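Number of protein chains: 2
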Amino acid sequence: MTTPSRRTVFFVSDRTGITAEMLGNSMLVQFEQFQFDRITIPFVDSTEKVEEVIRHINQVAERDGMRPIVFSSLVDENAAEHLREEAHALTLDVFQVFISPLEEELRKRSSHAAGRSHGIANSHEYFARMEAINFTQAHDDGAQTRDLPKAQVILVGVSRCGKTPTSLYLALQFGIRTANFPLTPDDFVERKLPESLRPVRDKLFGLTIQPERLREIREERRPGSRYASLENCRIEVREAESLMEAERIPFVDTTTKSIEEIATTVLHRTGLRRSVF
Amino acid sequence: MTTPSRRTVFFVSDRTGITAEMLGNSMLVQFEQFQFDRITIPFVDSTEKVEEVIRHINQVAERDGMRPIVFSSLVDENAAEHLREEAHALTLDVFQVFISPLEEELRKRSSHAAGRSHGIANSHEYFARMEAINFTQAHDDGAQTRDLPKAQVILVGVSRCGKTPTSLYLALQFGIRTANFPLTPDDFVERKLPESLRPVRDKLFGLTIQPERLREIREERRPGSRYASLENCRIEVREAESLMEAERIPFVDTTTKSIEEIATTVLHRTGLRRSVF
Numbered sequence: 001m002t003t004p005s006r007r008t009v010f011f012v013s014d015r016t017g018i019t020a021e022m023l024g025n026s027m028l029v030q031f032e033q034f035q036f037d038r039i040t041i042p043f044v045d046s047t048e049k050v051e052e053v054i055r056h057i058n059q060v061a062e063r064d065g066m067r068p069i070v071f072s073s074l075v076d077e078n079a080a081e082h083l084r085e086e087a088h089a090l091t092l093d094v095f096q097v098f099i100s101p102l103e104e105e106l107r108k109r110s111s112h113a114a115g116r117s118h119g120i121a122n123s124h125e126y127f128a129r130m131e132a133i134n135f136t137q138a139h140d141d142g143a144q145t146r147d148l149p150k151a152q153v154i155l156v157g158v159s160r161c162g163k164t165p166t167s168l169y170l171a172l173q174f175g176i177r178t179a180n181f182p183l184t185p186d187d188f189v190e191r192k193l194p195e196s197l198r199p200v201r202d203k204l205f206g207l208t209i210q211p212e213r214l215r216e217i218r219e220e221r222r223p224g225s226r227y228a229s230l231e232n233c234r235i236e237v238r239e240a241e242s243l244m245e246a247e248r249i250p251f252v253d254t255t256t257k258s259i260e261e262i263a264t265t266v267l268h269r270t271g272l273r274r275s276v277f
Numbered sequence: 001m002t003t004p005s006r007r008t009v010f011f012v013s014d015r016t017g018i019t020a021e022m023l024g025n026s027m028l029v030q031f032e033q034f035q036f037d038r039i040t041i042p043f044v045d046s047t048e049k050v051e052e053v054i055r056h057i058n059q060v061a062e063r064d065g066m067r068p069i070v071f072s073s074l075v076d077e078n079a080a081e082h083l084r085e086e087a088h089a090l091t092l093d094v095f096q097v098f099i100s101p102l103e104e105e106l107r108k109r110s111s112h113a114a115g116r117s118h119g120i121a122n123s124h125e126y127f128a129r130m131e132a133i134n135f136t137q138a139h140d141d142g143a144q145t146r147d148l149p150k151a152q153v154i155l156v157g158v159s160r161c162g163k164t165p166t167s168l169y170l171a172l173q174f175g176i177r178t179a180n181f182p183l184t185p186d187d188f189v190e191r192k193l194p195e196s197l198r199p200v201r202d203k204l205f206g207l208t209i210q211p212e213r214l215r216e217i218r219e220e221r222r223p224g225s226r227y228a229s230l231e232n233c234r235i236e237v238r239e240a241e242s243l244m245e246a247e248r249i250p251f252v253d254t255t256t257k258s259i260e261e262i263a264t265t266v267l268h269r270t271g272l273r274r275s276v277f
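Each protein sequence line maps, in turn, to chains A and B.
This note's numbering puts the first residue of the first sequence at 1, with every later residue one more than the last.
This note's numbering puts the first residue of the second sequence at 1, with every later residue one more than the last.
Some hints could be false.
[Stated by the list, open to error] On the chain B side, residues computed to face chain A include the following (Cβ under 7 Å):
| # | residue |
| --- | --- |
| 1 | I18 |
| 2 | T19 |
| 3 | H124 |
| 4 | E125 |
| 5 | I133 |
| 6 | F135 |
| 7 | P165 |
| 8 | Y169 |
| 9 | T264 |
| 10 | H268 |
These are computed hints drawn from the structure, not numbers from a lab.
A quick note: this is a predicted structure, and the numbers were derived from the prediction, not measured.
Where a beta carbon is used, it is the ideal one built from N, C-alpha and C, also for glycine.
Chain A extracted, bound-state conformation (with noise of 0.2 Å):
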């Protein structure tokens, strides 16, 4: 028997689960105090996986003396109103609940079809992904100049303010090619940007981070480096924030930011379209 403040979670999806999940989460850590054990299963797409899936959660539900928690995101009614009934446990809807309505504000009926998330039906978008991630593989930590105005937005900033992980983000979730380039001790004694970045200066837009959680991160990859001290982090950030201001160039503090709020941020600042995937 699970104690009150911890319960089970499942998120059950016709395809990858990642959207319930993600729903999900949103929602769970708005309960502090609840400690969540969760279980994805993906790939929920017949009649059998389904009494599978609601086996499994009744003998969690009898194992735990609680009822879990079911973020289900079926596309097919049947299946999902049979999951709704049949399992013991607060089955949250996330598709049924909002395709009905659509379906009356748009009048017509939906496809009912699974599986048309991040589609790669349309060939253009699916190589338009492709070749952004490429692109910014390409052009990780200034390791390729030459194409630099093909890039769409051009990440600068000190080394470890999280300038990889945003490009990466960038290039996979909305499809924008993202180049990024590191600002070095060396750049601050001439108080100036890289010779390869003036000609694409309207594409820069800067990272910034303080200097103590620079620290940090820096220490895990360097322990007990002059890299990784603090005065070296303190004159770094403070030397880049003063050339990005002097350049202008707009800079957003990554310190309390996930990659995807950064990401966000950048695209949210700069106007860039996010592709739909």
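Take the given structure of chain A and dock chain B to it, following the hints.
Just chain B now, kept in the frame of chain A:
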């Protein structure tokens, strides 16, 4: 005035809007006959911003002669209600709809605090995610082999079958340390796994692809090359598959799958545990 088969869709969120977009898009693709013009407004976290969004929606409603569809994800109850009441739109409130049944089930009020998702509060998880991203970047395309035993999964397959995007997605979305390693004509001559993969055989997972699709993808990269020719693609795919079969490496066909689906399949079949961000 917009034609009946077009509709403007807003995604409104107090944070990134990514969850609202993903959920909304999974529903919109069910209405194939429509064309949706999408507008995402993130960081709607003050009364002024809510008012601004309402004005924006109502302007579009007037311009289109048709009410927009709004996927709203606002944690603040009053803000959400205000939007629902004042916006001339079909407002689908993806957060509020589920929070009440959850509160009832858990017998707790939620904290109703915005911005808890994708949290970086938990420093351990944050570093684990960063480490996964760094590891995966460093182990792309067989670039490094020394640390392969530290990988949680190692993707193998012919060039351009989807290894890099899948690896990056596994790291970013699920925090999985993923390496990837190409299977090349050299390996096929020997009919053996590359030397460095033999000690980590139990971590291998294969990707394969239909030769016709591979040809299309390679043509984008190197048009007219022997590398991209259908004949060569056929040989490479056949050889790679028989090598994987001989070595009993599980594999999945990526031809009609999105990055999200390939990544989920890898997790599902290897039993690797997703992290939550």
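Which numbered conditions among the earlier hints are violated in the structure presented, ordered from lowest to highest?
3, 4 and 6
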